[in-house]
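There are 2 protein chains.
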Amino acid sequence: MANFQKLTSRQEDYSKWYNELVVKADLAEQSAVRGCMVIKPYGYAIWETIQRELDSRFKQQGVQNAYFPLLIPKSFLSREAEHVEGFAKECAVVTHHRLMNDPNGKGVVVDPNARLEEELIVRPTSETIIWSTYKNWISSYRDLPILCNQWCNVMRWEMRTRLFLRTAEFLWQEGHTAHATREEAEDYARRMLDVYADFAEKIMAIPVIKGVKSANERFAGALNTYCIEAMMQDGKALQAGTSHFLGQNFAKSFDVQFLSKENKYEYVWATSWGVSTRLMGALIMTHSDDNGLVLPPALAPTQVVIVPIFKKQEDLAALMEKLNPLADELRRRNIRVKVDTSDQSSPGFKFANYELKGVPVRLAMGARDLENNTIEVARRDTLTKETMPVEGICGHVERLLADIQYNCYKKALDFRTAHIRTCDSYEEFKTEIQKGGFLLCHWDGTPETEERIKEETKATIRCIPLDPLPGFKEETGKCMVTGKPSPRRVVFAIAY
Amino acid sequence: MANFQKLTSRQEDYSKWYNELVVKADLAEQSAVRGCMVIKPYGYAIWETIQRELDSRFKQQGVQNAYFPLLIPKSFLSREAEHVEGFAKECAVVTHHRLMNDPNGKGVVVDPNARLEEELIVRPTSETIIWSTYKNWISSYRDLPILCNQWCNVMRWEMRTRLFLRTAEFLWQEGHTAHATREEAEDYARRMLDVYADFAEKIMAIPVIKGVKSANERFAGALNTYCIEAMMQDGKALQAGTSHFLGQNFAKSFDVQFLSKENKYEYVWATSWGVSTRLMGALIMTHSDDNGLVLPPALAPTQVVIVPIFKKQEDLAALMEKLNPLADELRRRNIRVKVDTSDQSSPGFKFANYELKGVPVRLAMGARDLENNTIEVARRDTLTKETMPVEGICGHVERLLADIQYNCYKKALDFRTAHIRTCDSYEEFKTEIQKGGFLLCHWDGTPETEERIKEETKATIRCIPLDPLPGFKEETGKCMVTGKPSPRRVVFAIAY
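Going down the list, the protein sequences come from chains A and B. Sequential numbering of the first sequence, starting at 1, is according to the numbering used here. Sequential numbering of the second sequence, starting at 1, is according to the numbering used here.
Only chain A is shown next, with the shape it has when bound in the complex (with noise of 0.2 Å):
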């Protein structure tokens, strides 16, 4: 059952108030493994839903799922110098393949007969299990490109977790492309950028910035990051999908060259790109509110929740003769709709719980609602609620997802807008930054500056943006730290 004891709000304390979301919502929880979370029904539909609207996308770019090994041989991590650097130190090891019963005592230890010759890690990523493989698929240009995708879980051993934005465990997605030239590969790393940035506006209704990381953010192994980075209501950025044009680095390391048409061996271009549960973070902290949940309709399990208001058996068998009439009509507009005739808890209880889970949109009818032929409609993103007649209301749902979908955006792109400003000095930066928000300032492209200013003030380079963001124009000009000249302003955030 749902537990109503009032969530934390915002203001008060925005981390207390995402962990009281996530559970008190039903969307995740810690499991008894350090780390690692369980994602409940009610998460798992949202993710669904996401992973759907993803894969029919991908699949529009000529992409093909498949599977690989869980499990990655040790060495081969080594061999791409940059990405075992990466991913060394927070690899889950598997060690031995068998239990015994404990010789000393009751319960089960490790078979120490039972050891590994060769260790293997629970893959972080699989480029290198992946690039081992695409070797005996590919000799000729006629084998190019491959586009293959999978949907999968990844480890990566962290040490301080929260639900659904850093967990040792996780879902997600990962696209791994090979390609017969360097233009390909980069184009195709650059269209799943836009694929993502789409995906992101037009369904979770998160507005987001398409750039390119600098070389310290930039993935172990690549030679450009693109990434999509969005901004959450504490001010803070959340990177919500990457996109890596990774050279021929991973070819060079496990040896995959293929015949060109002009008869000459070549290694192989490659990208990868995905997205993780990462993004139910970025969805639950861009829409909702001091009251739970609030869920674009495009992503919601239960676009429209039809409550009749009823004290005796007999009054609620009147009011579904009007109800059950209209869900039905809605479901035929492939509407989401769930219907709670259920006696176990009073419509206060229902109204906030289904405020609780997000619910774009409440229908609710009573006694007077019937005589009348009124339904009271209550939107969940503003709050409000009207009574209207009980005739034309199907339609009139169908345009208010549309616009609780468009206004979801709005929202977020205006409170994005409102917290994005330009920054010239380095000393206003330091206080500037700790306000929370995007600075656009101005950096000389060295590495060690953006180390400076990671360990002075905590903020990072989120992204070099691609196109200028809206209201500000593409400027040349001077590093705020150390004067020397700048060709772009750069995006600077705290971020998660």
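Keep in mind the hints are simulated off the structure, nothing from the lab. Check before you lean on any hint, since a few could be wrong.
Just so you know, same-sequence chains aren't split out, so a pair can sit in one copy or run between any two.
[Unchecked claim] Here are the simulated lysine to any residue pairs, SDA-like style, with alpha carbons at most 20 Å apart:
1) K89 x E118
2) K261 x S342
3) K210 x T417
4) K59 x V339
5) K252 x G107
6) K16 x L356
7) K312 x I464
8) K322 x N407
9) K106 x K252
10) K89 x V109
11) K106 x E118
Quick caveat, the model's predicted, so the values are computed rather than measured.
Mind docking chain B on chain A? Use the hints.
Relative to chain A, chain B alone:
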């Protein structure tokens, strides 16, 4: 590129035929990790259809998807005595959470300082982690039933592996339900068995026998294991799905009690049920032939392939003027169509390739067809072809697909019928069982007799059928080994 060395025939070496077919048809291959497979895009597309079909059937039964951790604390396994006995010997064990640079050389080694306090097991099945979670979800009868499923990967460290049939890692779904009463849980376990049987027969076109396992073959920790058993073309049995009634075993091990309507604390009743990528093996071995895969249309990624036969590009253009509208019309009828206009390979090569891949219907059109307004229609299951007028071809193809689906089932059923017989003498049994097929025999119901038969003949009791098999009447008799009374015949076979 597909490899067109001829397949080994089934007659010659059934096992070799299977291994070659899986690889040549681009379904799966061995990976660099012992016993773990790579599921290639074509194989995975079939698995995705299996998932989609099953998932919608589960949801019709009120099931919700969720996700539970990959890793299970070692001590959890020990809580249920039979369960740990069943799985401890084939567990992948995570003992460390970090690698470090090898101080004596290059590459990385396990960091001895990163040893876990308690080892974690890669899930072989999730009863233990799920029931430790359900403990927090259940306090009253109002919280029941819980009907959860997860689609995930699992590991069982098998020593002898075969693609799809027995792999160290495999993909599956595992449903785990919690109920207030014994009756409800038993009913649910039976109901999910019916879901599996219906899916196997209608979608996979595989006839199955529904039954219950003998004690020897029961799931570790179950009171009763229901199963569906299928017969492969070599006469061996393959267990295609299981549904377990777990009683209160896991509720007791993890202390999961609920307050009943009568205000008494009681242990919760459980079921679990699963099917895996093993189904891919069953699919291949039930329908395919010496030319390659035969796929029932319901599971074929491409249901119809259209091949224009041309020499010059202008001939192709003329053919496509006819074929494009035809492809569009088939797609409007929700048929999965591929048009192969490539000029990289000959029609003969293409035909052999689509046969190898099991595409149910092939349409081919050349210059003469174009003149005559005809088209060649070839069906994969019977390898027959005929030239037909283009007029009305879409309706014909639609009926043909339904017919192929039915014919796949019918052919498999006829094969099974021809290979089931009764046997009342154990001497006869010993030679008969080596010929393959299912033998219906009387058995005294003891594990000892079953064990003896297994040791002497390798045959096991596949199941005690829930319903009399078609053509066989229910009858009591005497155990073929001991002569003791037997209430009914049971199914013996040598199994995968």
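* **Within, between, both or neither: K312, I464 at alpha-carbon 20 Å** => neither (63 Å within a copy, 50 Å between copies)
* Asked: When no copy is specified for K89 and V109, does a C-alpha distance of 20 Å or less occur within a copy, between copies, both, or neither?
  -> Intra 26 Å, inter 11 Å, cutoff 20 Å: inter-copy only.
* To do: Measure nothing new, just compare the shortest in-copy and cross-copy C-alpha distances for K210 and T417 to 20 Å and report within, between, both or neither.
  => within (15 Å within a copy, 62 Å between copies)
* Quick one: K261 to S342, C-alpha cut-off 20 Å, is that within a copy, between copies, both, or neither? -> So K261 and S342 pass the 20 Å test across copies only (17 Å; inside, 68 Å).
* Go through the copies and call it for K59 and V339: within, between, both or neither, with a Cα cutoff of 20 Å. => between (34 Å within a copy, 17 Å between copies)
* Tell me, please, which holds for K322 and N407 at an alpha-carbon limit of 20 Å: within, between, both or neither? => Intra 30 Å, inter 47 Å, cutoff 20 Å: neither.
* Up to 20 Å between alpha-carbons, please classify K106 paired with E118: within, between, both or neither. => This pair counts as between: shortest inter-copy Cα distance 15 Å, intra-copy 29 Å.
* Intra- versus inter-subunit Cα pairing at 20 Å for K252 with G107 -> between (47 Å within a copy, 17 Å between copies)
* **Homo-oligomer pair classification [L356, K16; C-alpha up to 20 Å]** => within (16 Å within a copy, 58 Å between copies)
* To do: Tell me, please, which holds for K106 and K252 at an alpha-carbon limit of 20 Å: within, between, both or neither?
  => between (50 Å within a copy, 18 Å between copies)
* To do: Have a look at K89 and E118 and pick one of within, between, both or neither, based on CA distance no larger than 20 Å.
  => both (18 Å within a copy, 19 Å between copies)
Of the numbered hints stated above, those contradicted by the structure are hints 7 and 8, listed in ascending order.
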